[in-house]
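Undergrad: In order, the protein sequence lines correspond to chains A and B.
Numbering of the first sequence is given in the numbering used here, commencing with residue 1 and proceeding in unit increments.
Numbering of the second sequence is given in the numbering used here, commencing with residue 452 and proceeding in unit increments.
Derived from the structure by calculation, the hints contain no laboratory data.
Among these hints, one or two may not hold up.
As a list, the in silico SDA-like pairs of lysine to any residue whose alpha-carbon atoms are at most 20 Å apart [unchecked claim]:
no., chain 1, residue 1, chain 2, residue 2
1, A, K21, B, F489
2, A, K24, B, P837
3, A, K297, B, T692
4, B, K475, A, K21
5, B, K704, A, Q340
6, A, K330, B, V697
7, A, K226, A, V264
8, A, K24, B, R808
9, A, K21, B, K499
10, B, K479, A, T350
11, A, K205, A, C292
12, A, K24, B, P789
13, B, K479, A, G387
14, B, K479, A, V413
15, A, K231, A, H203
16, B, K479, A, S355
17, A, K330, B, E807
18, B, K704, A, N296
19, A, K231, A, N296
20, B, K540, B, M452
21, B, K472, A, S355
22, A, K230, A, K449
23, B, K475, A, K24
24, A, K24, B, E807
Where chain B lies over chain A, by a calculated footprint (3+ residues, C-beta under 8 Å) [to be verified]:
no., segment
25, 164 to 177
26, 305 to 311
27, 315 to 322
28, 341 to 355
Glycine residues also receive a C-beta, built at the ideal position from the N, C-alpha and C atoms.
The lines below spell out each chain.
Protein chains: 2
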Amino acid sequence: MYTLRDILYASSIAVVGASGKPSKMGHKLLNNLIEGGFQGKIYPINPKEPELMGLPCYKSLSDVEGSIDLIVVCVPAAAVAGTLREAGKKGVKGAIIISGGFREIGNDDMEAELLSIAREYGMRIIGPNCQGINYTANQMCATWPVVITQGAIGLVTQSGTIGAEIELRAEAEGIGVTCFAALGNKLDITEVDFINFFVEDPHVKVIALNIEGIAKGSGFQEAVIKAAKKKPVVILKPGRTAKGQVAVASHTKSLAGNDALFSVFCKKYGIIRANDITEMYDCCKLAAMLPCPPNNKLLIMTSSGGSGILATDTADENGVDIMPLSETAKAPLRDSLPSQCVISNPLDLTGDATSERYGDASDIICQYADKLGYGTLLMIYGDPIPGAAEVAQKVKEDGRISLIVSYLGGGSVQAAEVAEMSAAGIPVFPTPERAVKALSHLLDTKIEKEA
Amino acid sequence: MYTLRDILYASSIAVVGASGKPSKMGHKLLNNLIEGGFQGKIYPINPKEPELMGLPCYKSLSDVEGSIDLIVVCVPAAAVAGTLREAGKKGVKGAIIISGGFREIGNDDMEAELLSIAREYGMRIIGPNCQGINYTANQMCATWPVVITQGAIGLVTQSGTIGAEIELRAEAEGIGVTCFAALGNKLDITEVDFINFFVEDPHVKVIALNIEGIAKGSGFQEAVIKAAKKKPVVILKPGRTAKGQVAVASHTKSLAGNDALFSVFCKKYGIIRANDITEMYDCCKLAAMLPCPPNNKLLIMTSSGGSGILATDTADENGVDIMPLSETAKAPLRDSLPSQCVISNPLDLTGDATSERYGDASDIICQYADKLGYGTLLMIYGDPIPGAAEVAQKVKEDGRISLIVSYLGGGSVQAAEVAEMSAAGIPVFPTPERAVKALSHLLDTKIEKEA
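Excised from the complex, chain A in its bound form (with noise of 0.2 Å):
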């Protein structure tokens, strides 16, 4: 039998149902497919059409002379079947059902069918009545929307509006997804397949999933409890309140299960659960760009003093640990910073410093790093301070500490600094609790050391 990887390294792809006209899904998954980048080939297939955005058009599959490992298909629920059992004949590895039509109105036996003649042929199916699957490493966008950029996220997505939110948002911010996939019924690949996938992914430095309910004698725990030892885990899980239980059953048709102990369950095994889009982002931009540090000790550096206590409030209410700054730092701090400057925890260097004078308190804090016992270091930037991110850069490759950004109200100053900043993979955060709330997320997984 084929495998999950079978597809997502798919060289040769047929779009079948293929089209001309920009309101069809035909014409949007081969359209991203091309937009996308991939590299291999890719066979329009329409038998109406001669060709399709200049690319020749076959009336079937069996048109097609060479071999192809997988196939979209975009054709009438009515159709799915025949296609599947040709594209089986063919020796297609893996079909990406976008088709509607199936058991999510009823037609269960329809659905049925599907499983049947791939496992004949060994092939394997995403879907159907779903959105795709982008996978980054492989330049293969066939889904919406077009996302390019090659990142470390791998994500599984119930709901692709919010899967393509996390994924745009990486995007903007040049942070990219190694993986977006949005698997509709599920009738034969489910989230574990991609959890399992994603642990021995190189390209994968966080797994994040969004689901509506967990079925029984999936493996879904047991496969998120050996992710979780391996890489962060996110998980954003709607269903929390009675409301939403009854939501998410008319939805997705799930059972969104006892809330409580699902909180318990990802506490237990160090996963992080999200508690909304923006967290959910947030946790999986930090984990992609940073590894746990050592410990909840953090570093609070700021140019805004009242930014370094709402940073200080929300590190306190979520188990980060803003320890006095030891008198080893203090005397030469005292000495190179200027005397408005408070030297303590939060390190605030006050409203008029440069990135000179961030330069100087941070030397001294990579110098004492060992000393001073900080895991991480928050380098608050509030308004614009030009020459910001290279003070930061010094810092990440200095190494001796791990290094989070929050830059605020620095209008178009920020905006360029934050670019060159993301661009040499700091996480930079729009405000300093956004910044704490993901540490403190981060510093709950529970990664195994390799032996």
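Assemble chain B onto chain A, guided by the hints.
TA: Relative to the frame of chain A, chain B by itself:
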């Protein structure tokens, strides 16, 4: 004695210590007054320059022939008293003293002298050691950053950075502010003066405060209690935790006070207590754009089932009622919408929903609005949906139900649609959770109806 109004509506301003060097405060302040579009007279004062930024420069205040309403002071601390005396003789009504070097570094006597000079002439002081004021209703940007969009947020902030972040977000979204005020040492004019002014200011629809401590006998509590009966008041007050209170004490030498009591105080008087910068901005934005809906019943309309559930959870957790849809609307909705739509609350228009489908559904909701009894409609647009803005505008114009929008996962289409909606005065949030959270806060206000 002159008043805060005399400062905010100044028609002639002198910048004392104006400078041609971009690194100087006196450069920034002069530049920003000009760039901010101030329509009155601007007099740069600097004995060494013949002109600055195209304006004739004066050796001293007394050299200016016309009258001067307001001075912005950027000279060293030692020269401020002399400047004030000269201003008093000239009949200046108010002074924004940017210069630091007073009480914040122990020079209490120097600071006290400023007040006695001011009192002698009836002059009012903002600062010293402050970031100044932007009052867009008078196009008077005597501060930084430059923000020119006139809006409905009246903001007083302890932290210049936090205030700037709120202001810059409002500018970026085209929402703007009425006022940004960062008061520094608050020798004379305090938050209380601003709160009282904002209550009567027809431009201000929401009063936003970032404070770190409340001085006893300052009249702060009385002022916000009174204000909160007239307009929504949003307060961001850090120092919630033990470590945060220590940081407050070293930042502004103020006492954060008992945090639990402060929360009780806010709840009792319908004052919105924001937990973080994001929440503060969201509450300001919503209250600036939407009067408090008549009840806490929310109808969710969505193309993204998953997003609808997240909105439902957030509502259920925050006292917003996801009241089931009554049969009155169910029948016409069933007749009008495709069969896969889930006719419930959330009303799930499903993933292939077009703006036409949103239009059909919202027409029915508006038509039956009185019978249905929802105070608010949350329209969630998931994925790119062209034409979304037009539908939203129609609902807003209809006016029978308060409208909030969340748009996510929509890439470049979303950006254009959101800009159009914001320009039309419709509050749009990047996630459904943020939309519902802001609504829940707005519903907690206790505005008294006009007699």
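Undergrad: Hints first: check each against the structure and report whether it holds.
TA: Evaluation of the provided hints:
no.	hint	in the structure
1	A/K21 <-> B/F489	53 Å, violated
2	A/K24 <-> B/P837	15 Å, holds
3	A/K297 <-> B/T692	17 Å, holds
4	B/K475 <-> A/K21	60 Å, violated
5	B/K704 <-> A/Q340	13 Å, holds
6	A/K330 <-> B/V697	17 Å, holds
7	A/K226 <-> A/V264	16 Å, holds
8	A/K24 <-> B/R808	17 Å, holds
9	A/K21 <-> B/K499	71 Å, violated
10	B/K479 <-> A/T350	18 Å, holds
11	A/K205 <-> A/C292	11 Å, holds
12	A/K24 <-> B/P789	18 Å, holds
13	B/K479 <-> A/G387	19 Å, holds
14	B/K479 <-> A/V413	15 Å, holds
15	A/K231 <-> A/H203	12 Å, holds
16	B/K479 <-> A/S355	19 Å, holds
17	A/K330 <-> B/E807	64 Å, violated
18	B/K704 <-> A/N296	28 Å, violated
19	A/K231 <-> A/N296	18 Å, holds
20	B/K540 <-> B/M452	14 Å, holds
21	B/K472 <-> A/S355	19 Å, holds
22	A/K230 <-> A/K449	8 Å, holds
23	B/K475 <-> A/K24	60 Å, violated
24	A/K24 <-> B/E807	17 Å, holds
25	164 to 177	holds (count 3)
26	305 to 311	holds (count 6)
27	315 to 322	holds (count 4)
28	341 to 355	holds (count 5)
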